[in-house]
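Now for the letters of each chain:
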Amino acid sequence: MGLQDLRIVNFIGQHILSVDQFGRADIERIFEVADRMRPYAERRRITRVLEGAILGNMFFEPSTRTRISFGCAFNLLGGEVRETTEIKASSLSKGESLYDTARVLSGYSDIIVMRHPEAGSVAEFAAASRVPVINGGDGPNEHPSQALLDLYTIRRELADKDRAVDGLKIALVGDLRYGRAVHSLVKLIALFDNITFRLVSPPELALPEPYVAILKAAGHAVEPVHQLEAGVRGVDILYVTRTQEERFPSQEEADRYRGLFRINQDIYTSFCAPSTVIMHPLPRDSRSGARELDDDLNSNPNLAIFRQTDNGVLVRMALFALLLDVADKVDDQAREVPWFTGGREPE
Amino acid sequence: MGLQDLRIVNFIGQHILSVDQFGRADIERIFEVADRMRPYAERRRITRVLEGAILGNMFFEPSTRTRISFGCAFNLLGGEVRETTEIKASSLSKGESLYDTARVLSGYSDIIVMRHPEAGSVAEFAAASRVPVINGGDGPNEHPSQALLDLYTIRRELADKDRAVDGLKIALVGDLRYGRAVHSLVKLIALFDNITFRLVSPPELALPEPYVAILKAAGHAVEPVHQLEAGVRGVDILYVTRTQEERFPSQEEADRYRGLFRINQDIYTSFCAPSTVIMHPLPRDSRSGARELDDDLNSNPNLAIFRQTDNGVLVRMALFALLLDVADKVDDQAREVPWFTGGREPE
Amino acid sequence: MGLQDLRIVNFIGQHILSVDQFGRADIERIFEVADRMRPYAERRRITRVLEGAILGNMFFEPSTRTRISFGCAFNLLGGEVRETTEIKASSLSKGESLYDTARVLSGYSDIIVMRHPEAGSVAEFAAASRVPVINGGDGPNEHPSQALLDLYTIRRELADKDRAVDGLKIALVGDLRYGRAVHSLVKLIALFDNITFRLVSPPELALPEPYVAILKAAGHAVEPVHQLEAGVRGVDILYVTRTQEERFPSQEEADRYRGLFRINQDIYTSFCAPSTVIMHPLPRDSRSGARELDDDLNSNPNLAIFRQTDNGVLVRMALFALLLDVADKVDDQAREVPWFTGGREPE
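Protein chains in written order, with my numbering: chain A, 1 to 347; chain B, 1 to 347; chain C, 1 to 347.
Just chain A, same shape as in the assembly (with noise of 0.2 Å):
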């Protein structure tokens, strides 16, 4: 463990804009203010502990999940949201610069959450911000709570198993060029001591020369794969990506990638341990011609998918909570739910 993963943030009224922030005893304490939101997540209880802070919900890229993840976790903490959806509607528009829409947005809200299609623009955007800016994604760049939310996920998922992070084999298979996902997720669990990281991929779609080049500084072992049955076998964690066919140069090109990695209930059966998680940052692809991951694994208990979109809800509560420095208040004058949540059993 070197000095870095030391580091503690102090989190109160920072920005969150890379998981290049974050040494180990940061994750942990993010994860352990996450395990606290669990019974506000699941209806268990009300807080209402950022009653009357406004968040910025400021989405100038499409994204339904993301941003209801957000605005959820927002509410749950007794917040209100207001927000955006689209760049064309925006003064960005107009010719404003990234600097006049941040002076005045940070005017209006408490915290704001940003996405942008341009990689660096969250960034130049919370530098003129007057109040703490979580990056919602930044294009191919980054999405911190994306990469937290999976490695909470697979903290839960191995210590349901009675295991800790540490040794863990896992199998990150599909597009790794691409997939923003996958390069913020392998720099966080590289903060964790002797992990096995199994890439399978085609070899045009392998993890960037940098991010290898971490892993392996890190004294990690780095197995490079491209054939899926002998990619998956013996791992604890399976992690599916779609390919991003949105980033690739051209469809054709991309086209010639889909489907060519499927993990299905017959693979699983054949070549994993039978104790394998399977995760994936969704959306999977289920058209015909993709599924990444096939849906007749929905059954399979160790799917994890649905748990790490209920997750984002604890990890984003954790990171508002951090910033806005409320998370030693969260619990007080927390009340009963007085709503029927008995239909509303947890992934």
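Hints were generated in silico from the structure; no laboratory data involved.
Remember, predicted model here, so these are calculated numbers, not experimental data.
In this text, a Cβ means the ideal position worked out from N, Cα and C, and glycines have one as well.
Honestly, I wouldn't trust all of these hints.
Label-pair distances were calculated between CB atoms; the ranges are [unchecked claim]: (1) Asp166/C - Ile87/B: 55 to 61 Å; (2) Gln333/B - Ile12/A: 54 to 60 Å; (3) Asn264/C - Pro249/A: 37 to 43 Å; (4) Pro140/C - Asp193/B: 54 to 60 Å; (5) Arg247/A - Arg287/B: 54 to 60 Å.
Once you have looked at the hints, place chains B and C on chain A.
Only chains B and C this time, still in chain A's reference frame:
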């Protein structure tokens, strides 16, 4: 009254997908709860019974009116609303299945309202949802809360004249073939006794035979009429519909029916009983070529079209309260309204 | 001061459609309430006076800034916001009249803010609304809350220098022909005494004659100038505008004026008094060809453009509080803010 008509749904935790779910006793239960919502909808009292709850208002097809109506109904009960307004921005456009969308979104909110352009899509979504789902319109198929608010309005308008729904004479005017609102409404009214359905449309836009069969099987009088003046004579309720131009095979075909049947004050005075109540599912088409319900009726006290939309809030509040089992808790700790509401006369 | 200037509007339950509604005493009343909103907008206190109230934030034309500003203002008073952001999704696109839209939407919320691309549309909507309506911009016509926040900013900036609005020297720079913000602002300032209006524009983009006539009739000095350096000399306020390219007959014509008048720090240092306050209705166009207000002014403490947008929240809170008659109840049961706001320095 058949067995079906006595059916009593236990609303708690259920999905509302179709008017076919309801028997007469269920309708009466919904309407009894809706009546109790009136002081809150008319801002004479405030309730916070759903404070901390989140509605996922998922509109994968444009709609301002229905979306805002559901959202306000949830706000009036004290809950929060997260929403989406288009299909393009969603993961559905990246090949995600409705199953996946439902598993994900139902982890975020306590209840979901969903509109989607495809028939059957909301039921498919609900089957995978972990929380109750209300169908906010699935293309040409169902829009049960519209039928409920229409029937609730009929019941109230008749009650104001000391009349019951049993024995009702109603004229349905216009596009009875493509009008989803009409299809659902006639099925609900058919649960009552001794109804006369005057079906006023061009032959090509007649009520489809399966609906006619339902009405006849329930013992009601069904009178197809192709001429407006004869059709509106002597009825209690005149339910006028817009030509559903967007559902026609071609615009040319739609144009043949535009403006064919027009109700205005002259027609009303000449052919309707003076107590005839005028309804319309809205929007009405006020362009010069259309005008199925003329603006000169706006001062007619029997024009109930805006009372219909007001009632929509009551009915939707009732559905939320029943599904989440707070119908009997709404009045707990209800408060006075501290702001000015004097300019807010009801319709 | 004429009779008009003494006019006192009873704000309760009224519509805010035009700056023409206000006399000087009304302005003072709005600003006095706005001043009292500052602790809430700056998150030093929380009020919940409008808890349970709903704003219908109806934007039938794209706008992020104004929409979010109104929404946050309502949230800061404790109320909820339901909104729409486009005309396509609305029933207006199916031929519905503004009358119908207003009757329907005013049954959902306690107050409505409306933006619409057509001049006069908001007034037409308000005439049919059952709740107060605030004009959030009706095309080239009016945007009264913008003029109010501009004047409020002028008043505060001058007060910081121990000056009053009476006796003000203001230079209006740029597109004075199509700039809606300028038109409304000059009418408001004209309610004060002894103003000098320096009108700095190309001859073709001069302030339209009717506005000049109003200023002269009120006894103010009007000085048209076609050269930037001469225009900005010796004024207290420099109000710079973007060329309203979207309102020009053609893009070619708009291009002729792009970048014609540019204020930067050099110009400021060379020609302006050192206390001159710089304002802009935003967005400013930061593309290389435009830059009517250069980014190198961002560190100039007299650049008040972000104080303007901050003040917009105060003024909109004041309008809501006055129309809904809670201006004197805002401080009841106000609470401390429990979350971290230390990073949130005001502009």
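Which numbered hints does this structure break? 2, 5
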